[in-house]
Amino acid sequence: MASRTVAKDIITLRGSAAIVSEFFGYAANSILYNRGVYPEESFAKVKKYGLPMLLTQDEEWLEAGKLQRVVMVIMSKATKEVLERWNFSIETDSDVVEKGVSREKSDREIMREIQAIMRQIASSITYLPCLDEPCVFDVLAYTDTDVPVPFTWIESDPKLIANPQMVKLHSFDTKIHKVDTLVSYKNDEWDEQ
Amino acid sequence: MDLDKAHTLLTSKTPQFNTSSNFNQAYRQKLIENLSLDSQGRPFKIMVFRGSPKSSRKSIRFVDELRQEVAAIFEKDCKQTPYRCIPKGEKRVLDAPRLRNDYYSNIMSWGMNNMLAVALGHELYLWNSEDQAVHKLLQVRGGNDWPTSVTWSEDARTLAVGYMCSNLQLWDVESSKLIRSLQGHSGRIASTAWNGHILTSGSRDKSIINHDVRAANSLASCIKRHADEVCGLKWSTEGNRLASGGNENLLYIWEASKMSSSKFLHRLSDHCAAVKALAWCPYQNNVLASGGGLSDGCIKIWNTEKGICINNIETKAQICGLEWNRHHKEILSGHGYSIRENQNKLCLWRYPSMTKVGELGNHKSRIINLCQSPDGITVISAGADETLRFWDVFGPPTAGAGNSMVSDLQGLLSFRTSLLR
Numbered sequence: 001m002a003s004r005t006v007a008k009d010i011i012t013l014r015g016s017a018a019i020v021s022e023f024f025g026y027a028a029n030s031i032l033y034n035r036g037v038y039p040e041e042s043f044a045k046v047k048k049y050g051l052p053m054l055l056t057q058d059e060e061w062l063e064a065g066k067l068q069r070v071v072m073v074i075m076s077k078a079t080k081e082v083l084e085r086w087n088f089s090i091e092t093d094s095d096v097v098e099k100g101v102s103r104e105k106s107d108r109e110i111m112r113e114i115q116a117i118m119r120q121i122a123s124s125i126t127y128l129p130c131l132d133e134p135c136v137f138d139v140l141a142y143t144d145t146d147v148p149v150p151f152t153w154i155e156s157d158p159k160l161i162a163n164p165q166m167v168k169l170h171s172f173d174t175k176i177h178k179v180d181t182l183v184s185y186k187n188d189e190w191d192e193q
Numbered sequence: 001m002d003l004d005k006a007h008t009l010l011t012s013k014t015p016q017f018n019t020s021s022n023f024n025q026a027y028r029q030k031l032i033e034n035l036s037l038d039s040q041g042r043p044f045k046i047m048v049f050r051g052s053p054k055s056s057r058k059s060i061r062f063v064d065e066l067r068q069e070v071a072a073i074f075e076k077d078c079k080q081t082p083y084r085c086i087p088k089g090e091k092r093v094l095d096a097p098r099l100r101n102d103y104y105s106n107i108m109s110w111g112m113n114n115m116l117a118v119a120l121g122h123e124l125y126l127w128n129s130e131d132q133a134v135h136k137l138l139q140v141r142g143g144n145d146w147p148t149s150v151t152w153s154e155d156a157r158t159l160a161v162g163y164m165c166s167n168l169q170l171w172d173v174e175s176s177k178l179i180r181s182l183q184g185h186s187g188r189i190a191s192t193a194w195n196g197h198i199l200t201s202g203s204r205d206k207s208i209i210n211h212d213v214r215a216a217n218s219l220a221s222c223i224k225r226h227a228d229e230v231c232g233l234k235w236s237t238e239g240n241r242l243a244s245g246g247n248e249n250l251l252y253i254w255e256a257s258k259m260s261s262s263k264f265l266h267r268l269s270d271h272c273a274a275v276k277a278l279a280w281c282p283y284q285n286n287v288l289a290s291g292g293g294l295s296d297g298c299i300k301i302w303n304t305e306k307g308i309c310i311n312n313i314e315t316k317a318q319i320c321g322l323e324w325n326r327h328h329k330e331i332l333s334g335h336g337y338s339i340r341e342n343q344n345k346l347c348l349w350r351y352p353s354m355t356k357v358g359e360l361g362n363h364k365s366r367i368i369n370l371c372q373s374p375d376g377i378t379v380i381s382a383g384a385d386e387t388l389r390f391w392d393v394f395g396p397p398t399a400g401a402g403n404s405m406v407s408d409l410q411g412l413l414s415f416r417t418s419l420l421r
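Residue numbers (full-length UniProt numbering), protein chains in the order written: chain A, 1 to 193; chain B, 1 to 421.
Read the hints as simulated data drawn from the structure, not as lab findings. For clarity, every value in this text was computed on a predicted model and none was experimentally measured. Worth double-checking, as some hints may not be accurate.
As the list claims (entries may be wrong) - Lysine-lysine pairs mimicking DSSO-like chemistry, simulated, CA-CA at most 27 Å apart: (1) B:K206 / B:K306; (2) B:K88 / B:K306; (3) A:K186 / B:K45; (4) B:K88 / A:K80; (5) B:K258 / B:K329; (6) B:K88 / A:K99; (7) A:K77 / B:K300; (8) B:K88 / A:K77; (9) A:K186 / A:K77; (10) B:K206 / A:K178; (11) B:K45 / A:K168; (12) A:K99 / A:K178; (13) B:K45 / A:K77; (14) A:K159 / A:K77; (15) A:K66 / B:K45; (16) A:K80 / B:K45; (17) B:K316 / B:K300; (18) A:K186 / A:K159; (19) A:K66 / A:K178; (20) A:K159 / B:K45; (21) A:K175 / B:K45.
Said to hold, decoys possible - Pair ranges (Cβ atoms, derived): (22) B:H327 / A:N29: 33 to 41 Å; (23) B:H327 / A:T145: 51 to 59 Å; (24) A:I125 / B:S353: 34 to 42 Å; (25) B:E359 / A:N29: 36 to 44 Å; (26) B:E255 / A:K80: 29 to 37 Å; (27) B:E359 / A:T56: 37 to 45 Å; (28) A:S76 / B:M354: 56 to 64 Å; (29) B:M354 / A:I125: 38 to 46 Å; (30) A:Q115 / B:P374: 53 to 61 Å; (31) A:T145 / B:G89: 51 to 59 Å; (32) A:S76 / B:H327: 29 to 37 Å.
For every residue, glycine included, the Cβ atom is placed at its ideal position computed from N, Cα and C.
Isolated chain B, as found in the complex (with noise of 0.2 Å):
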């Protein structure tokens, strides 16, 4: 026997006569009036209970709020996949003034030391988060050079610093003192990247060149292959291959072995604008993630072993940054302009499916560059808009909700008001 059915058919219905909203109306009109007065004939008034008498400075009424949390618990629950909560807001962000807002750059760069160096106009910048002190490396004298490219060496204790006029510096920065000046590149260096002891740059001039830094001559090879720019370089975890991005819309893999001949692994082609955000994926062997330009705007997931893509997204937006999440399996991009969407925005997509879990962003103008701190739990987004902000959105596997809820904005830190050492 079928209960629901017996009881329904016996309860007496509201037979349904009209299904005009006109009936509704006036049908709700009828209960409003016949509900205005109580069965004792005394007339009363509704009011809907909204929240604490404590809720002072929020606006944000604590029932409303918590209401709102167990809900997207619950939506949570409900969904198939498993969502999870990015954080609102930036844990932090700093001034950045004098960024320059040239795409080709990438600026900035966090070592295992948890110093973040960020080079903003002509100034080259430390910062430590462990006790968020600054500390101004370097400054460049004369108006037409700038660094382009910073990058620390895997065990920090190097930072290698490309201009604008094509110079390499190296600096060791616990003594703050430039070591090495590396030759070679005739135009702005775009790109830097570290396996070990080589430092591979990637010039205007359209070559990479790879440096020995150990070495009295250090230069190991140069491979003259891209047609334009190299603004996109990334050394495998392993350091056996290197990925290249170029300007002319090409990417390019080489094997560590095979550099001196200029003969690369595989040649390419599918973006259609400026190859510059590249990354290679942590727990998958010889998986790359490339990200393209304004024209272009597709990240694409590459198996480096065949050189075949494996999977394909349109963001629509300018790519500048792409970071793995070490933590959960998925992957980050960073924006810039579009005419659709996406504009200045970071978007976390989940990795294999590569749909997208969330996105994040309140810069008021384009993302340069973006970096994941040592711990992989923080990624900060460089933006034109003369900021940094630092996003906790990698967070660890166990992470609970409370982990990942709205973020309090903790304060300005100038990098202008800063203290030499």
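Extracted from the complex, chain A is given alone in its bound form (with noise of 0.2 Å):
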């Protein structure tokens, strides 16, 4: 666990870098649930083993400043057709990144703002188009391109979805990251008559 001052309302690189890696555990649990990638039953092996590995390393990255955006894509098993993409854009501070100096904002207030979003995430499934057929999914980081690829990533294609509905989640910020949340999916079939 990250440490983070015992004044509750400072917040420094390292310890928005763990709330920022925790709250895309969550985030990713919550939609891999949420739109029922996978059966309940399997679902504790998935966080389990997956994504524990993939948030240390995003970890690195938000402390780097080097993480620019964090892509959760879900396929089509049997024709790997990008049906939906969750996307996280990150903004980082670079004067904090740079000069290690520290920010000011409560734990609670950001708190609230990570509960919306994840609201806004379980509420998606109103919207967003049935996943009928079995899915795969695929996560993707975008980063500067100074940073060595590590040895459980690949470089990848964006994996785009062609002209995408999207919409628009709340963001949250440490003052440190910001973080906005946008999800775009494939039109539905029959909306185009």
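Since each chain comes alone in its own frame, lean on the hints to assemble the complex.
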């Protein structure tokens, strides 16, 4: 666990990175669960093995201020067509990264903002098209070009959706990292008529 | 109010001017270009997460394996008929040198005592499935004779061995001694089957002989009905009916009480090739499955009460063996030659729908025999590629995903290096 200073209102780079990567964990879990990408019983397995490794790397990049986006892509298992794209864009305060200063914001407020996003993810099933077929997911990271590709990652294409519908969700801000959430999805076929 | 529709109408849609692929390409290109610089005008690169740092020896990355596993489970949940995971690999492979590549022999039998008896060339070996110990029971001297049919008695105290030169022997395995030699045939013994103290043998001389092994004069009855070699012989589980398959493509059903009169119950001529594979259904009385040879390739399910064929599957491959699964309602077929599909494979079929559940098989050449373990979980296929492969395909009803996923190859055991006890 990253250390946070005793005075709750002070946020350090490390603390902020911890909050943001923790958020990614919750968000990823919530998306996979709510969108039914995996059946509930095997969910524990996905949670236990896949995500922690991913998040450790994210945290590292966040601390270095080199992570620009995290994208969770949901694809059809059969055709590998991208059906949904959950885009989390990150804006990092470069002053904090370069000079090591800290910022002030109450923990509680940050949590409130995160909760709002989580609720939005959960309620997204009301408008997102049904994922009728078996799906698989991928996690993409957009980083600065000087970041070496770690052993557990490979270079990738953006896995975009052609002519997507987009919905912007709430954002949250630790004053060091600002995270915007956007979900884009493939147009539901019968919409066109 | 249709909320979905309302939402769609309210949110702005990207108008689709053109659905030609050129447009999409150009659009995609534009999108990629625009995305190569982020909001702050910084260039970036994209990476996709692929695996655990600990995945060293295995080439499959852990996360991929995990995702495949989970996706497979999901697929299983999605399908209407429950999909059973069948093992992708053998549990064990045993080296079986000099195993005769002869469709008509039945050289393998797994007894209730957990001993597998298998004839390899001129020799007959016993393999203990509990401790994997190998023991050579007998060796035939002289080049012209070899075991062609091997069957354990129901209590596994006696092993019946039929030979090329028409001899039929009974062996006591505990003491490794020949108890008795039974005469009667004039041609090789292709098939044998036990029914309590009755040992039935089918031969190239076209006859079926029932021996009462307790009597001094063992010959109880001799049936001469087949027009060619009797290569398939199976008693029903209750012991009231005998099914015999011949090389003239006929399948006869006999009643135990009427054997001496040579009067058959049914004569079934639906197959167009030799009927070697026979198996009685363990959950339905008097239901029999039969499999045809190369020109036939059909699995036929029979109601032997009425003598009618209730189901037929074209596997398009030579069928050398059939085994019913006692734990799930399924039947497994072992195959040899084929011009089209299923060559050298084991196919699992759901019963009674006869839909294919899956197929197994790593044999490099045709499968000659099949047999199953006394606990009904493992099936062995004996192949012309001189291997015996063990498949844990018949798993118990509560098998979890772990039980039937990729099994490890447990190593090779060569019969050649066995020690005589």
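Hint-by-hint comparison with the structure:
1. B:K206 / B:K306: Holds, at roughly 25 Å.
2. B:K88 / B:K306: Distance ~39 Å between B:K88 and B:K306 Cα, so the pair is violated.
3. A:K186 / B:K45: holds, 24 Å
4. B:K88 / A:K80: holds, 24 Å
5. B:K258 / B:K329: Violated, because 32 Å separates the two Cα atoms, which is more than 27 Å.
6. B:K88 / A:K99: Roughly 56 Å separates the two Cα atoms, so the pair is violated.
7. A:K77 / B:K300: Given pair A:K77, B:K300 is violated - Cα atoms ~37 Å apart, limit 27 Å.
8. B:K88 / A:K77: holds, 21 Å
9. A:K186 / A:K77: Status holds; Cα separation ~15 Å.
10. B:K206 / A:K178: violated, 87 Å
11. B:K45 / A:K168: At roughly 23 Å apart (the allowed maximum being 27 Å), A:K168 and B:K45 satisfy the hint.
12. A:K99 / A:K178: holds, 18 Å
13. B:K45 / A:K77: Holds. B:K45 to A:K77 sits at ~25 Å (cutoff 27 Å).
14. A:K159 / A:K77: It holds: about 14 Å lies between the C-alpha atoms, which stays within 27 Å.
15. A:K66 / B:K45: Satisfied, since the Cα-Cα distance of roughly 11 Å is no more than 27 Å.
16. A:K80 / B:K45: Between A:K80 and B:K45 the Cα gap is close to 22 Å, so the pair holds against 27 Å.
17. B:K316 / B:K300: holds, 13 Å
18. A:K186 / A:K159: Distance ~12 Å between A:K186 and A:K159 Cα, so the pair holds.
19. A:K66 / A:K178: Status holds; Cα separation ~13 Å.
20. A:K159 / B:K45: holds, 13 Å
21. A:K175 / B:K45: holds, 25 Å
22. B:H327 / A:N29: 33 to 41 Å: holds, 36 Å
23. B:H327 / A:T145: 51 to 59 Å: Holds, since B:H327 and A:T145 (Cβ atoms, about 57 Å apart) stay within the stated range.
24. A:I125 / B:S353: 34 to 42 Å: Between A:I125 and B:S353, where Cβ atoms are some 35 Å apart, the hint holds.
25. B:E359 / A:N29: 36 to 44 Å: With Cβ atoms ~37 Å apart, the hint holds.
26. B:E255 / A:K80: 29 to 37 Å: violated, 60 Å
27. B:E359 / A:T56: 37 to 45 Å: This hint holds: roughly 41 Å between Cβ atoms.
28. A:S76 / B:M354: 56 to 64 Å: At roughly 31 Å between Cβ atoms, B:M354 and A:S76 fall outside 56 to 64 Å, so the hint is violated.
29. B:M354 / A:I125: 38 to 46 Å: For A:I125 against B:M354, whose Cβ atoms are near 40 Å apart, the range 38 to 46 Å holds.
30. A:Q115 / B:P374: 53 to 61 Å: holds, 60 Å
31. A:T145 / B:G89: 51 to 59 Å: At 43 Å between Cβs, range violated.
32. A:S76 / B:H327: 29 to 37 Å: holds, 34 Å
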